[in-house]
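J.: What follows is the residue order along each chain.
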Amino acid sequence: MVNSQKSVLVFLDAISLIKNGRIILQDVSLRLHSDEIMTLIGPNGAGKTSLVRTLLGLEFPSSGQVKKTSKLTIGYVPQQLRLDPMMPLTVRRFLELSVSSCYANEQLLKKQLSEVGLLSKWEVAVLDLSDGERQRVLLARALLRNPDLLVLDEPMQGVDLKGQAELYQLIGNIRETKGCAILLVSHDLHFVMAATDTVVCLNQHVCCSGCPEAIQQDPAYLELFGPQALQGLAWYHHDHSLEGSVKEKT
Amino acid sequence: MLVPSELKKRGSIVFMVELLWPACLAGLMIAVVAGPLGSFIVWRRMAYFGDALAHSALLGAALGVLLHISINLTILLMCLGFAVCLVVLEQKKRLSIDTLLGILAHSALALGLVLISLSGVQSFNLHAFLFGDLLAIDKKTALMIVVYCLILVGILNRMWRPLLNVTVCEEIAFVEGYRVGLMKLILMALMAVAVALGMKIVGVLLITALLIIPAASARQISQTPEQMACFASMIGMTSVMIGLSFSYFADAPTGPSIVLAASLLFLLALLCKRQMS
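Each protein sequence line maps, in turn, to chains C and D.
If you count by our numbering, then the first sequence holds residues 1 to 250, one letter each, in order.
If you count by our numbering, then the second sequence holds residues 1001 to 1277, one letter each, in order.
To be clear, the hints were calculated from the coordinates, so they are not data collected in a lab.
Worth double-checking, as some hints may not be accurate.
[To be verified] Below, a sample of chain C positions facing chain D; criterion: calculated Cβ distance under 8 Å:
id, residue
1, 81
2, 83
3, 86
4, 97
5, 108
6, 110
7, 119
Quick caveat: nothing in here was measured; it's all calculated off a predicted structure.
Ideal Cβ positions, reconstructed from N, Cα and C, are used throughout, including at glycine.
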């Protein structure tokens, strides 16, 4: 496995989650290392979001344990920011709300916003942003905390294909610039980020996990996304081995 | 030399100030608190909770009358108790919250009404209770309301950031280390106290309106949450002044007059927004 010499940030030990008598997660074990990019894929209803919520502490597992290193700072980008239309909130104010004593430190906020390419939206209302822009503002807020681990729950929802390629590239760069581990949830079974070290396929239990194959040089996809697709996207081939055997590639 | 009609007019204004200043002061303080709290109610879509709290207050008053203890105290305790119940119920998402609230709130209201009528206490002014009665507010009550409101404003100011964070996005707030459950409880408790106080002025039936309408008006002209809270306070205060004067001169019920003034200001805010855009 990748990064075996690196420290484990989060260890999910045989997590099961049962809600209203329905099994959501069954015996899921995961190790997330520092500096690792892990992509969690699986069909709808596979329990991806529940797993992430359990990891964050938003849900309590019915059995099993979530072990985190002490003082682990997590940056979290939820699926979407459901803001009530009655809430007047500018991008600036939304970012200011994040760090506890940053009223004076406008420069830092602006720098972070420009890193996600949205400096021009500084005084714009969050409600007026497109879905993709909102995701990037959420990303900027998560990064403001200088997280050890960045968790993104289906960040591509409602984002068009071009925006997806850009967002993937942005996320891929974060490890370089911030040096944090990344856990990315995607409902796409075929498409994962090129920088991914480990892909975990979840369907209530861990179907399979391993490192993704190299990019598939599909001309149709290259045409669709332009040459940048080469840096941002990759194929991952896997088959659902229902007995849950873990395949690892070296 | 003054003609008699002018003298009468002047006299009436002096008389009005003397008669109404405790009520006016109390009303203005309630409006100050109602600004930020009403904004939270609007943002969190808790209008129904406000009504439920107000309804439970009547049961509190009935218990006060029956047990011969301070009505103010029983109302406050009943509202707080009800608020805690609501927080607990809100967390159990399996139950349909609005149905349950409807059952609880109206049962409390009905029980309160029945108890009051059975108690045979003649002095209890139900009309004032339902629609508010500014004239019934003496100096002592006004002082109590001012003190409570100052405490509420202090808490809101101190806890503004966590409260706002929990309202904008619970999940992010949780991950960033805010205590989400506690903040919801505090917010609900603040609402309970505000409802118990505001009821004295606009009554059980209209207290939610005093919380929500100024906030909704302020939304039309605000860019940030803080702006909205401040504008809501100012609009609320203006409504209280207009409503109070109208109520005095036209001999109209106070609570409805204030709420009507707030509604007119809301229309004005809508027009303002139209003009701006």
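J.: Each hint should be assessed against the structure and marked as holding or not.
T.: Tested hints:
1. 81: holds, 6 Å
2. 83: Hint holds; residue 83 of chain C Cβ to chain D Cβ min 7 Å, cut 8 Å.
3. 86: holds, 5 Å
4. 97: holds, 6 Å
5. 108: Since the shortest Cβ distance to chain D is 16 Å, the answer is violated.
6. 110: Violated, about 17 Å.
7. 119: The hint is violated - residue 119 of chain C has no Cβ within 8 Å of chain D, the shortest such distance being about 18 Å.
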